[in-house]
Amino acid sequence: MKVLVAVKRVVDYNVKVRVKADGTGVDLANVKMSMNPFDEIGVEEAVRLKEAGKATEVIVVSIGPAQAQETLRTALAMGADRGILIKTDAEVQPLAVAKLLKAVCDAEQPGLVITGKQAIDDDSNQTGQMLAALWGRPQATFANKLFIEGDKAKVVREIDGGLQTVEIDLPAVLTTDLRLNEPRYASLPNIMKAKKKPIDEKTPESLGVDIASRLKVLKVAEPPKRVAGVKVPDVATLVQKLKTEAGVI
Amino acid sequence: MRSHVAGSDTTSAADSEQTAIILDSVDRFLERHVRPYAQKLEHDDIYPEEIVGHMKELGLFGAIIAQEYGGLGLSASVYAKIVERIATVWMSLTGIFNSHLIMASAVQRFGTAEQKQRFLPRFATGEIRGGLALTEPDCGTDLQAVRTLAKKGTDGNYTINGTKTWISNGIYGQCFALLVKTDPAANPRHKGMSLFLAEKRDGFRVSRKLEKLGYKGIDSAELIFEDYKIDADCLIGGVEGRGLQHALGGLELGRINVASRGVGVAQAALDEAVSYSQIRHTFGKPICEHQAIQLKLGDMVTRVHASRLLVQYAAEAYDAGRRCDMEAGMAKLFATEAAMENAAESMRIHGGYGYSKEFIVERLYRDAPLLVIGEGTNEMQRMIIARQVLERSKSGKKA
Numbered sequence: 001m002k003v004l005v006a007v008k009r010v011v012d013y014n015v016k017v018r019v020k021a022d023g024t025g026v027d028l029a030n031v032k033m034s035m036n037p038f039d040e041i042g043v044e045e046a047v048r049l050k051e052a053g054k055a056t057e058v059i060v061v062s063i064g065p066a067q068a069q070e071t072l073r074t075a076l077a078m079g080a081d082r083g084i085l086i087k088t089d090a091e092v093q094p095l096a097v098a099k100l101l102k103a104v105c106d107a108e109q110p111g112l113v114i115t116g117k118q119a120i121d122d123d124s125n126q127t128g129q130m131l132a133a134l135w136g137r138p139q140a141t142f143a144n145k146l147f148i149e150g151d152k153a154k155v156v157r158e159i160d161g162g163l164q165t166v167e168i169d170l171p172a173v174l175t176t177d178l179r180l181n182e183p184r185y186a187s188l189p190n191i192m193k194a195k196k197k198p199i200d201e202k203t204p205e206s207l208g209v210d211i212a213s214r215l216k217v218l219k220v221a222e223p224p225k226r227v228a229g230v231k232v233p234d235v236a237t238l239v240q241k242l243k244t245e246a247g248v249i
Numbered sequence: 001m002r003s004h005v006a007g008s009d010t011t012s013a014a015d016s017e018q019t020a021i022i023l024d025s026v027d028r029f030l031e032r033h034v035r036p037y038a039q040k041l042e043h044d045d046i047y048p049e050e051i052v053g054h055m056k057e058l059g060l061f062g063a064i065i066a067q068e069y070g071g072l073g074l075s076a077s078v079y080a081k082i083v084e085r086i087a088t089v090w091m092s093l094t095g096i097f098n099s100h101l102i103m104a105s106a107v108q109r110f111g112t113a114e115q116k117q118r119f120l121p122r123f124a125t126g127e128i129r130g131g132l133a134l135t136e137p138d139c140g141t142d143l144q145a146v147r148t149l150a151k152k153g154t155d156g157n158y159t160i161n162g163t164k165t166w167i168s169n170g171i172y173g174q175c176f177a178l179l180v181k182t183d184p185a186a187n188p189r190h191k192g193m194s195l196f197l198a199e200k201r202d203g204f205r206v207s208r209k210l211e212k213l214g215y216k217g218i219d220s221a222e223l224i225f226e227d228y229k230i231d232a233d234c235l236i237g238g239v240e241g242r243g244l245q246h247a248l249g250g251l252e253l254g255r256i257n258v259a260s261r262g263v264g265v266a267q268a269a270l271d272e273a274v275s276y277s278q279i280r281h282t283f284g285k286p287i288c289e290h291q292a293i294q295l296k297l298g299d300m301v302t303r304v305h306a307s308r309l310l311v312q313y314a315a316e317a318y319d320a321g322r323r324c325d326m327e328a329g330m331a332k333l334f335a336t337e338a339a340m341e342n343a344a345e346s347m348r349i350h351g352g353y354g355y356s357k358e359f360i361v362e363r364l365y366r367d368a369p370l371l372v373i374g375e376g377t378n379e380m381q382r383m384i385i386a387r388q389v390l391e392r393s394k395s396g397k398k399a
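Sequence order for the protein chains is A and B.
Each step along the first sequence adds one to the number in my numbering, with nothing skipped, and position 2 is 2.
Each step along the second sequence adds one to the number in my numbering, with nothing skipped, and position 223 is 223.
If you're looking for bench data, these hints aren't it; they were derived computationally from the structure.
This structure is a prediction, so every number in the text was calculated from the model and none was measured.
Just so you know, even glycine gets a beta-carbon here, dropped at the ideal spot from N, CA and C.
One should not assume that every hint holds.
Dumping the calculated DSSO-like pairs for lysine-lysine here, alpha-carbon to alpha-carbon at most 27 Å [what the hints assert, rightly or not]:
# : chain 1 : residue 1 : chain 2 : residue 2
1 : A       : LYS193    : B       : LYS151
2 : B       : LYS116    : A       : LYS193
3 : A       : LYS225    : B       : LYS285
4 : A       : LYS193    : A       : LYS87
5 : B       : LYS285    : A       : LYS231
Computed footprint of chain A on chain B; a stretch qualifies when at least three of its residues, placed anywhere within it, have a C-beta under 8 Å from a C-beta of chain A [unchecked claim]:
# : stretch
6 : 38–51
7 : 188–202
Sequences are here, hints too, so could you generate the full structure?
This is how it looks when you write it as structure tokens:
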């Protein structure tokens with residue numbers, strides 16, 4: 001079984017982003033970029049499947065500018081076998097990503113596709129679901145545990161108030177949640193070896209996919225600044241303030 | 001930034017991509033396995049056995065060993081960046097793999113083909129770890145004064161007697177590049193010196209672990225050789241009389257490494273100061289808004305960046321195969337003094353808390369002095385630098 005993992009290059013989770021003065025987006029100049037943490041969990045899960053003999057090949061795919069190759073290279077160093085870079089400098093929204101991934105699925109025929117539940121830059125949480133719909137295959141989102149059993153997968157999902165276990169037919173789409181695993185960091189010898197692993201370059205045009213934006217960003221703004229709290233002398237004042245100022249009771 | 005200051009930048013995009021991935025992995029190793037445990041292990045002076053296991057997995061013990069022997073074959077430039085990162089979190093760890101690698105590089109540069117095949121692959125995985133055994137109770141900087149003696153027997157093999165001290169990895173390491181006299185009467189003295197690869201067995205014992213001000217966790221020890229038998233094929237290069245040259249051959253890289261540790265400690269002292277000075281308030285505002293603190297921060301960050309550039313300058317000269325004793329010396333001198341000054345300034349910025357063991361600064365303050373003394377004192381570096389600048393001026397070259 002081939003496993004396909006989608007990886008996105010995003011602003012590193014440690015970076016405190018700043019909104020551009022004109023409100024069109026966040027400032028990306030000289031900002032550290034890394035693999036989306038949920039996608040890293042996806043790569044780890046795929047590599048573990050291969051190590052357990054359940055997967056035969058792990059393919060990682062990224063959509064973005066030339067620098068997204070570094071993200072693919074990181075995934076290859078973690079243990080993926082080969083990469084596909086769909087190169088574009090344009091903004092690619094979730095529907096377009098799902099269409100591109102569908103085109104890759106048609107070509108590669110994977111038994112399982114893993115995506116992060118969301119990317120930490122736009123927090124859309126749509127790509128995996130849209131891909132499942134376009135591909136006409138089952139989906140299991142917010143995965144907490146995954147068991148491959150023949151041509152089926154048992155997936156424990158994180159849902160409001162607890163965990164839900166579902167069984168789905170393969171091929172299928174899985175989206176990862178935070179607690180699925182703790183991703184490894186690549187050892188230095190594996191980083192050296194990853195240099196020799198193949199990365200296939202494609203473009204949205206070569207895959208025949210229209211990636212034009214369907215959504216328009218009107219404005220990006222910083223969250224409101226937190227203002228200092230006040231100390232209250234007693235419970236009575238607290239209740240009073242909750243009623244009159246906070247308006248919560 | 002590098003290319004503007006240090007001249008031509010020959011690293012390709014693929015190399016810089018790879019360097020970024022390597023440093024990212026090193027950072028993750030540090031955050032996951034080192035930062036949460038460093039303070040406790042350091043205060044208790046406990047050898048970080050588990051961390052060393054993770055260092056083996058990460059591949060650090062083969063960092064600069066050639067790929068054909070199972071190492072990574074990294075350049076000095078990349079290696080220096082790795083050392084800096086690690087020293088920012090816990091300086092002691094860098095000693096565990098650096099003296100090991102200097103031993104390995106003596107074999108790689110001067111060993112026979114048979115010695116390379118026999119030792120380097122096991123050095124690269126960390127299966128055999130060790131270091132350099134040069135210093136003796138009565139000699140450090142003046143290595144030609146070593147007294148450990150290797151006497152050749154009628155069978156062509158040697159018997160060694162003597163004492164070595166301040167040997168990093170002395171307790172947990174298994175193999176050491178051991179500097180001895182094979183001919184104590186030789187004139188000049190260095191012609192009677194030889195370097196052996198000595199593995200631990202009968203006749204080779206550790207007499208004690210040394211207690212230190214800082215640089216804790218790593219096992220610095222005194223080693224005693226009593227009628228220690230060693231085969232002639234463990235003489236590096238197979239020929240007597242080249243020991244000093246072999247031992248000194250690793251010093252340029254050793255100094256680039258210690259300089260990188262200096263940058264790391266200086267950076268850590270700065271990071272702690274920047275963060276604390278924004279939290280701590282006096283007279284109604286964070287102390288970073290007082291000029292007295294800003295004057296310190298301004299100097300500290302400048303020292304860190306200047307040090308880093310000097311290290312990269314020296315490492316690039318080393319990688320290009322140019323003579324770089326002066327460059328490595330300047331990097332070592334400046335970066336380690338920066339570590340001392342930044343640690344002291346950071347402590348002042350922290351006030352009473354800087355003197356407390358609950359904060360990291362007191363450790364940096366204890367670790368920094370090792371760097372100005374070890375791997376050739378800074379007084380020695382100044383002399384090397386001055387001699388080179390005079391030498392180069394005689395030959396009409398600009399220093």
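Quiz item: With a cut-off of 8 Å between beta carbons, are at least three residues of the stretch 38–51 of chain B near chain A?
Solution: violated (count 0)
Self-check item: Satisfaction of hint between A/LYS193 and B/LYS116, Cα-Cα up to 27 Å
Solution: Distance ~22 Å between B/LYS116 and A/LYS193 Cα, so the pair holds.
Exercise. Starting from B/LYS285, check that the Cα of A/LYS231 is at most 27 Å away, please.
Key: Distance of about 20 Å is within 27 Å: holds.
Quiz prompt | Restraint check for A/LYS193 with A/LYS87, where alpha carbons must lie at most 27 Å apart | solution = Satisfied, since the Cα-Cα distance of roughly 23 Å is no more than 27 Å.
Quiz item: Keeping to a limit of 27 Å between CA atoms, is the pair of A/LYS225 and B/LYS285 held or broken?
Solution: holds (19 Å)
Self-check item: 27 Å limit on alpha-carbon distance, applied to hinted pair A/LYS193 and B/LYS151
Solution: Given pair A/LYS193, B/LYS151 is violated - Cα atoms ~46 Å apart, limit 27 Å.
Quiz item: For the stretch 188–202 of chain B, does the count of residues with a C-beta closer than 8 Å to a C-beta of chain A reach 3?
Solution: Answer violated; 0 residues pass the 8 Å Cβ test.
The earlier numbered hints that this structure contradicts are 1, 6 and 7.
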